[in-house]
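Visitor: These are the residues of each chain, in order.
2 protein chains.
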Amino acid sequence: MAKLYVVGVGPGDAKRMTAEARAALDAADVLCGYRTYLELVAPLYPDKAVFSTPMKRELDRCRRALELARDGKTVALLCSGDAGVYGMASPVLELLPAYPDVETEIVAGVTAALSGAAVLGAPLGNDFCVISLSDLLTPWAVIEKRLRCAAEGDFAVALYNPSSRTRAEHLRRACDILLETCDGTTMCGVVRGVGRRGQEARLLTLAALRDTRVDMLTTVFVGSSQTREIGGRLVTPRGYRT
Amino acid sequence: MAKLYVVGVGPGDAKRMTAEARAALDAADVLCGYRTYLELVAPLYPDKAVFSTPMKRELDRCRRALELARDGKTVALLCSGDAGVYGMASPVLELLPAYPDVETEIVAGVTAALSGAAVLGAPLGNDFCVISLSDLLTPWAVIEKRLRCAAEGDFAVALYNPSSRTRAEHLRRACDILLETCDGTTMCGVVRGVGRRGQEARLLTLAALRDTRVDMLTTVFVGSSQTREIGGRLVTPRGYRT
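So the protein sequences, as listed, match chains L and W. The C-terminal position of the first sequence is numbered 242 in my numbering, with every residue numbered one higher than the one before it. The C-terminal position of the second sequence is numbered 242 in my numbering, with every residue numbered one higher than the one before it.
A hint or two may mislead.
Claimed, not checked - Below, in silico cross-link-like pairs of lysine to aspartate or glutamate (EDC-like), each with a Cα-Cα straight-line distance of 16 Å or less:
1. W:145 x L:154
2. W:145 x L:152
3. W:15 x L:26
4. L:56 x W:105
5. L:3 x L:47
6. L:145 x W:26
7. L:15 x W:154
It is worth saying that the hints were derived from the structure and are not from the lab. In this text, all values refer to a predicted model and were calculated from it rather than measured experimentally.
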């Protein structure tokens, strides 16, 4: 039976993978993925075939995974974090009608908003938004609008893809938009490389975040007006104590 | 060493738990949690001590877990889904300064927005918000404001706690607010009891969602303007194909 698993593998280390994700990788004949994620997982499966495409070749990767499954292989298409959150589940499902014989199963995983939040404390303890600052696939004007709405709604916010070589100013621009509404003392946090060697985390104000350089492996958290530092951790109260 | 793990156990079945969550439960002397969640997990550990408090006694449960840890037990405080998203991580961290000897570790898990999305397809494939419709801890006016901001920003939205016996009309009221901005044909989905016996899922329009009754075990997804039904699944494109 031709089968494609789209698998969220979490932040990268085996212990943050679900048993279901691990079972899908166990079952697969071929592991597909962006090279960086494959490198995290493939060592667990030294004898399995692997297939990768570079960044910006995501559709090719999805098509190849679907073709392999159509040809009778059991395929696991790996996604960092969750399969759905900025992952390969949506492009695979968009392409799937052209591969009617391929059974596809989406396997959820711990996305960076959750794994990063756990490192910092509990910044997403109440209503929150997840926004990518990459304008490769979403116009910057849409991103700006969403940042304004997130601030207006006093959501805590997790920012994905906060920066890259070609978008070094995006985090600063995002902070400037948030600062139109939010106080500069709003508590924020940054986490880099959850579960990987050299994991880093720190808390800072929104005003300080504006002048901070981060990379693509970093997830940024901007608190709501209720978010506080408590004992070195970033906490957005749910409201039980008020 | 006194230690408290605040553990996101995912939707409830063992296979959707991370290895890290499972290891924390393995290590614990005592499992604490809301009874419904304990009932899902405790059968895996028939010989462990358990402690539960009813709904609305969350602070008592956190304090008791902290006291047990202070007294030298290794304690796992169970949370449905993730430890942070409407979970016990934030109240525990608020209380923690009174228990300086207790080491606390937050263990992330697959929250209902992710596990439910995987069942439906990929509704959270682009920027999204997570909003609870429970006004036990958040004033309804704040919830309304966030719903308006989410619609204004054209986010996909995952709604937690969409209804209960005492709040049967909340989902309808939320839909009416979204319908001020969103088209009635906006694609939505509801998922109930992910990973449990009798799991249910269906797709429907926002206009139809308004007149649908759901319960507390249901997670509701409201698409963005880009969300579509493709082959029976709910998909919010990331934008690779445009």
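Visitor: Identify every previously stated hint that the structure contradicts and give their numbers, smallest first.
Guide: As far as the earlier hints go, 4, 5, 6, 7 are violated by this structure, in ascending order.
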